[in-house]
Amino acid sequence: MNWAEFFTMGGYGKFIWSAYGAAAFIIILNVVLPMRRHKKVLHMLRELLKMKERE
Amino acid sequence: MNITKYAAPVVFYPLAGKLIPWFAWATGITLTIGLIMGLFIAPTDYQQGESYRIMFIHVPSAWMSMLVYVVMATAGAVALAWKTRLSEMLATACAPIGASFTLIALITGAIWGKPMWGAYWVWDARLTSELVLLFLYLGFMALQASIDDPRRAARAAAILALVGVINIPIIHFSVEWWNTLHQPASVSKISAPSIHPSMLWPLLINAVGFHLFFATTVLMRMRTEVLIRERHKSWIADIVGVKP
Numbered sequence: 068m069n070w071a072e073f074f075t076m077g078g079y080g081k082f083i084w085s086a087y088g089a090a091a092f093i094i095i096l097n098v099v100l101p102m103r104r105h106k107k108v109l110h111m112l113r114e115l116l117k118m119k120e121r122e
Numbered sequence: 407m408n409i410t411k412y413a414a415p416v417v418f419y420p421l422a423g424k425l426i427p428w429f430a431w432a433t434g435i436t437l438t439i440g441l442i443m444g445l446f447i448a449p450t451d452y453q454q455g456e457s458y459r460i461m462f463i464h465v466p467s468a469w470m471s472m473l474v475y476v477v478m479a480t481a482g483a484v485a486l487a488w489k490t491r492l493s494e495m496l497a498t499a500c501a502p503i504g505a506s507f508t509l510i511a512l513i514t515g516a517i518w519g520k521p522m523w524g525a526y527w528v529w530d531a532r533l534t535s536e537l538v539l540l541f542l543y544l545g546f547m548a549l550q551a552s553i554d555d556p557r558r559a560a561r562a563a564a565i566l567a568l569v570g571v572i573n574i575p576i577i578h579f580s581v582e583w584w585n586t587l588h589q590p591a592s593v594s595k596i597s598a599p600s601i602h603p604s605m606l607w608p609l610l611i612n613a614v615g616f617h618l619f620f621a622t623t624v625l626m627r628m629r630t631e632v633l634i635r636e637r638h639k640s641w642i643a644d645i646v647g648v649k650p
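These protein sequences, in sequence, are chains A and B. Sequential numbering from 68 applies to the first sequence in the working numbering. Sequential numbering from 407 applies to the second sequence in the working numbering.
Chain A with its partners taken away, still in its complex shape (with noise of 0.2 Å):
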C-alpha cells in the first residue's frame, strides 16, 4: 500500500478524512478551551486577591 492509496482509502478518502479531521478538531478544541479558561480564571483571582490586599 502507498501513501496515495492510502489518502485516496478507495474512493471514500473525502468521507474518512473530513469524519476524522472533524472530530480530532472538536477534541482539541476541548483541551484548548478549558486550558485557556483555567488560566484565565487564575489570573482574575490573582488580581482580585490583589484588590483586596490594597484594602
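Keep in mind that the hints were calculated from the coordinates and are not lab data. You may find that some hints are simply not true.
Claimed, not checked - In the PhoX-like style, the derived pairs of lysine-lysine whose C-alpha atoms are separated by at most 20 Å in a straight line are:
id : chain 1 : residue 1 : chain 2 : residue 2
1  : B       : 639       : A       : 107
2  : B       : 424       : A       : 117
3  : A       : 106       : B       : 424
4  : B       : 424       : A       : 81
What the hints assert, rightly or not - Estimated spans, in silico, between C-beta atoms of each pair:
id : chain 1 : residue 1 : chain 2 : residue 2 : range
5  : A       : 107       : B       : 552       : 29 to 35 Å
6  : A       : 116       : B       : 548       : 29 to 35 Å
7  : A       : 92        : B       : 451       : 22 to 28 Å
8  : B       : 553       : A       : 114       : 50 to 56 Å
Quick reminder that beta carbons are idealized off the backbone N, C-alpha and C, glycines included.
Fit chain B to the supplied structure of chain A, relying on the hints for placement.
Then chain B, alone, in the frame of chain A:
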C-alpha cells in the same frame, strides 16, 4: 479509608492536578494505537469498503455521548440528594464534553451516511433521539448559565438532566423499537459480537481512549469550577498565590 474525603474541593483540586497528566498521556497513547490499528491494520469491509473506518470514531463517541449523560445525571442526582458541591461541579463539567461527543457522533454519522445511505441526514429514530441528546446537553448548559446563584442553577440543571435520562434507553433501543435506517448493535449484543476481532480491537481501544479523554478533560474542567465556586475560601488564595 474514607472516600468522601476526596470529595472535598480542597483535597480534590491538587489531586486532580496530579492525575491529569497521567490521564492525558494514557489518552494520547491509547488513541494513537487505536488510530493506527483502525486506519492501517484493520482490513477493508466486504460490504462498505473503506468507508466503514468512520465507525472507529463514530461508535465510541456515540457510546460516550450516552455514558457522559448518565454520569452527568447521576452527579446531578447526588448533588440534589446530598447537596455535595463536587458532584454539582462534576455535572457542570460533563455537559460541554458530552455535547462534544454527541456532536462528533452526529457529524461523523452524517458523513458516513452520505456514501452508505445516500443522505447526510434522515429523521429516523436513532438519529433524531441522538439529536435530542445534543439539545438536552445544550439546554442543561443554557439553564445553568441563566441562573445567577450557582447552587440554584446546579439544582435546576440537575432536574433537567434527570428528566432527560428517559432519552438514553430511547437512543439505545431505537434501532430495535422502530424501523430505522441505522444498523442495529454489533458489539453490545448479549451473544458474541458480530464483528471480526481485527475490527473490534481498534474500536474497543478507541473506546478506552475516549474514556480516558473524558477523564482528562472532566478533571480539567472541574478544577476550573472549583476555583470559581470556592473563590472566597482561604485555601484558594494559597493556591493562586503560591502556584501560578
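Hints not upheld, ascending by number: 2, 4, 5, 8
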